Amino acid sequence: MDDQTSGKDLIAAVKDVQNGKLVEYASQNKLKKSSFKFKNVLKELGVDEIDNMWDVLSKTVINQVETIIGSNSKGSSNKSRDSPSKKASQEVSHVIQAAIDLAIVILEQRMPASQGLLHMVVFLNRIIFELPGSLDNLKNNIALLCEKMFHLNYLYQDHELITFNTLLYVIKRSLAAKPTKKDVKRIYALRSLFPKIISMQEEVDTNEVFNIYKKCATSPLYLSMLEGQKIITSILILDSDYVSQIHEAVKRYLPSATLAQGSAYGKAYFDAWSSSVKANSKALQKELEICVQDLILMAVNGRRKSLVGALRKLLAQFSSQKKEPYVSKMLYNLYQPILWRFLKHPDGLIRANTAQLFLDVFPLEDPDVKIVAIDQELNDQMLLIKDLLIDDFPIVRSTAVIGLCIAMSINWELFPDDMLRTYFKIIVNDLSCDSSSADVRCAVAKGFKVLLENPLTLPTMQVILPRLKPLFHDISDPVRVAFCQLLLRVKKICAIKYFNIVPIEHLLARMEEDTVIAKLIVNLICNSYFPKDEGPDGWLTRCVEMIKKDRGASRVFFQYAPSFIGLDATAQFMIRAVKGIHFYVRSKAMAKDAATKESQKELFNSLHDSMECMEEAVGFHDPDVVSGLLDAVAIMWLSSLHNLEKSENKGLLKLIVAKLAKSLGDLSLYYKDTAVWESVYYLSSFMPSRNIPSLASLCFLRLKDLDSTAVPEDYMTLLQCLCNHNESSGLIGLFKEWIEMGFQQPADKPPATKKRKSKKSNEPVEPRFDKHLLAVQLLNAVLNHRSCQKVVLTKHPELLKDLLNFTDDLKRKVELSSENNICKEDEMFLRKLLYALLQISVLLHAEENYNSVKFVEDIVLWIQDKLLRPACMEISLNTSQKRSRLQKNQQSAAFEQFTFEICNDVCHIITDMTLLGYMNPKSLKFLKFGMKLLSLGFGGKLILPISKLLFNHISYGVYKTIEDDDSSILKFVPDSFSKIIQCLDNEDFLKAIPMTDSKEAQSLLAGSLLLMQPHNSLKELVSSVTTMVTKTILNSILNSVESWDDIEKKCDPFQLIPISKSGAFLLSMMCLKPKIMVYFLQQLQKYLLNSGRDIQSWVACYVIVVNLSEIKNLSKTISKEMHCLVDKMEGLLLEHHPLKDIDTDKPSPQDTSKSSNEDEEELSFGEHCQYEYKKLKDLLLQKAKML
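Each step along the sequence shown adds one to the number in this note's numbering, with nothing skipped, and position 350 is 350.
Simulated from the structure, these hints should not be mistaken for laboratory data.
As the structure is a prediction and not an experimental result, all values here were calculated from the model.
Hints may be right or wrong, so weigh each one.
[To be verified] Cβ pair distances, simulated, as ranges: (1) L420 <-> K182: 50 to 58 Å; (2) G917 <-> K654: 38 to 46 Å; (3) S306 <-> Q336: 22 to 30 Å.
Don't be surprised by glycine CBs; every beta carbon is placed ideally from N, CA and C.
Can you make the complete structure from the sequences, with help from the hints?
Next comes the structure, spelled out in structure tokens:
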């Protein structure tokens, strides 16, 4: 297209749109590089020519659109017409788009709009919804054309003729699946059309329009934008008759609204109400006030915290403007009838909600009444706040405290001194130590933090805050956190010092022990030890004081301090601390040399003076101070390392390493024989080995001087240093060498004991040959320490794999120990080595060409074949038989204990592997092995690890095989429970269970049932296990009764009937998980109705219910199930003994005196059952009232 295109060419193209010239011109007009522009061509045409052109183009567009609408409607019923109609639609849409582009140029050039153009725009607006959905871009362009004509005011009146459908289209577009903010802004620009469109009842459906408006009022996009909020305001003021409908839509949305959306609704409601007031629209104002009062009632009766919070944010937009008299008047009229009624409501939650609203609008005043009346009403409101502070419901008290503190912070001058004293007396003396609710105590700290925002409160708070010090040591975590946040607010106030509220000693002690608030305390005191107006020397002096005062607290402080002081300050402190120690050490060494030379006397004096200054100011002569500072540097290094390794901090990292390594090499040699060696070695281990080459040899030298009596404090630092210093390969090699020495030592020659050298004797100390025992001790320490384990596993897995070659030697030596007794040291060596090898096998699970599960399976098979089978240690599980004693020719008790320890270690490893998902979920080898161990003499000692194994098997084994429906796998779970129940029936087994393991084992067994309960395919298993447990508990009660005849004759209270130890164990197990307890009660009901319909089973159920009723804090669900069970018991009792009127206050026969027994008729057993039943029912009713 060239520049020679004339206006006549454009007119010709309009007259014959079929030739495609018009569409071609329009496409060229859009191209920036094209020289053809509609505006240049239109300048050549006169007004009449443009009018005639638009008459023709308007008719063409109308005809073209009618063909699209017609083809679309016909094509909808005939699939064969779909393709041509779509093609035709696309061709026609190009023509219409060209006409729109030409019209936009006319509008942009502010040229007069001809009648044909106006007629076309009105037509396009009218049919915008009739166009096919595939032409949405065309619809949007039509809407943009109509909007442009509206904004340029081409129609001085009747704008709605070209915009009524456009506005509805854009609104629907903004409510689509992926709306944009741009659409909302377009609607905002057209908001003046809202009332005009409603009046066009012939063109639009008013109800449909208002339904669209409702969707706008509940759109998250609209609520998130200021323009959207103003659109909602415009919708609210459209028509007083429709306000209630919009309000109902908002009410339905509010339960899911956020706090920000609640605030947005508040702005919309307030703007709408204020607009109605300014416009003097009484009807609309009344409707909006009814809506606001409805929202107040909704907040009062709200049961969800999120809903009440959103409503408070909404209403806060009104209360924030109450300084305006007309707003204050409205709030008074709306709130007063609600507040005075609901503040006395019997429901505590409603009172709390009302108290929140009341304190949000406090003081509630009517500006039209006299000042005397206002003062009296204000006094009444203050007395009402006092009543709220001492309310019986904790949430009311906590709400009142926070609300009152906010009100006092805003209106401090309104409160008389005597009323303030009353409030503070209640808050400080009562609420701050409210033992019934931690929320109330927490509210005190939060409220006082808000109160500090008003400077006028500071003189009063300066006196009151020290009395709140007990909150700092509160047992509740949220209370301590809230009080620390209060102290942080105090820190910003010059008039009050935080250490006058809580002494620094208390802060340090709590910082060391309390991980919840440790970081908050560090933030609180950090500026005191790292003031910005001082340098590293001042920081060093201050931090030394903390180290001297509380070494443990200082370690926590230095852990969190880098996050508050920054990397630069951290680096300066670390460098200054190490350099200071190094300078002191060098000065001391130089002074020592100078003291021996007469010529260097002046040098000695100057060095001596400088050392005295450093000792006095810092305390470098004190080993505790030096080690504390070095520990501080190491802790700060670890805390900052992640940030130091970032690319932007590489230069700082190199500087720190260079400065520290330069000094630490000398320090490691100087302090190697002092108490400071651990701190020096540990910090030095983080430096490159080339900078401190002597560190590794020093650590190995110390390790080699240890013996098997060493404790972790003697070697853990050395192990960490060697691993940090990339010497883990040498460390493992040393372990291997020592372990080999253990196997080379003759089995019949125990390690020599270390003899102490007496003062008078000159005999040399006999060396200990126990390095092998030390090796396994150190090996286990490395494997159990997280950082050491990571190093050796990442860098030297092949060395760990080499250690597994000791397995055969270990097995052989253990087998020999069954024939020949070995010493305790060798037993410990073999057991610890086996445990270490098992750990290594688990850690190497991810390695290629290695099967850790196969290794553990081999160990288990070896234990079964070589240790358990020949031992003959199985016990009889028949309760009528006692365990037979081991014969003299059988294994000794020592070897039995040795075998138990090995089995215990293996069980722990198997349990961990099951938890990690290493095991085949379909395999039952290890679970069967665990069940077999229960049958041994020491089976009771293994109840805890085997319970863990069963729990993990159910969690990670059975669930994965549910879809396979393998009955053999699923059936083994109830078989395992049956085995455990069978073992528990043995008295020796119960005695062997450690007291410390009993409760945890019960919790794991109950947890196993709880895991299976939700799965439909496992419900039968749970039911069978629960039924088995139920029968066992009932039988244990029945078997504990020696003679039922005596019970029927004596009529003793049923609650005195004992439960056997096994029954008590199982009953406690079923009560540890509430859901399992409910299921157990349901199974008990079924058993009572189906199987156990005799009076003896009834009595056993009675004993169970009495024991269960003694449990504290029973839930309502459990209490309901217990009542259901008791009702079933009543029906069974009536079958055996018809009900008679028995006075429950009448003493039972065993409680009466002999003389009265002679005169009164004794109760029969049936009457005694009824008497006991009524007592049980009264007991449960009393418990239910306490819930």
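Checked hints:
1. L420 <-> K182: 50 to 58 Å: holds (54 Å)
2. G917 <-> K654: 38 to 46 Å: holds (43 Å)
3. S306 <-> Q336: 22 to 30 Å: holds (27 Å)
In summary, the structure agrees with every hint in the numbered list given earlier.
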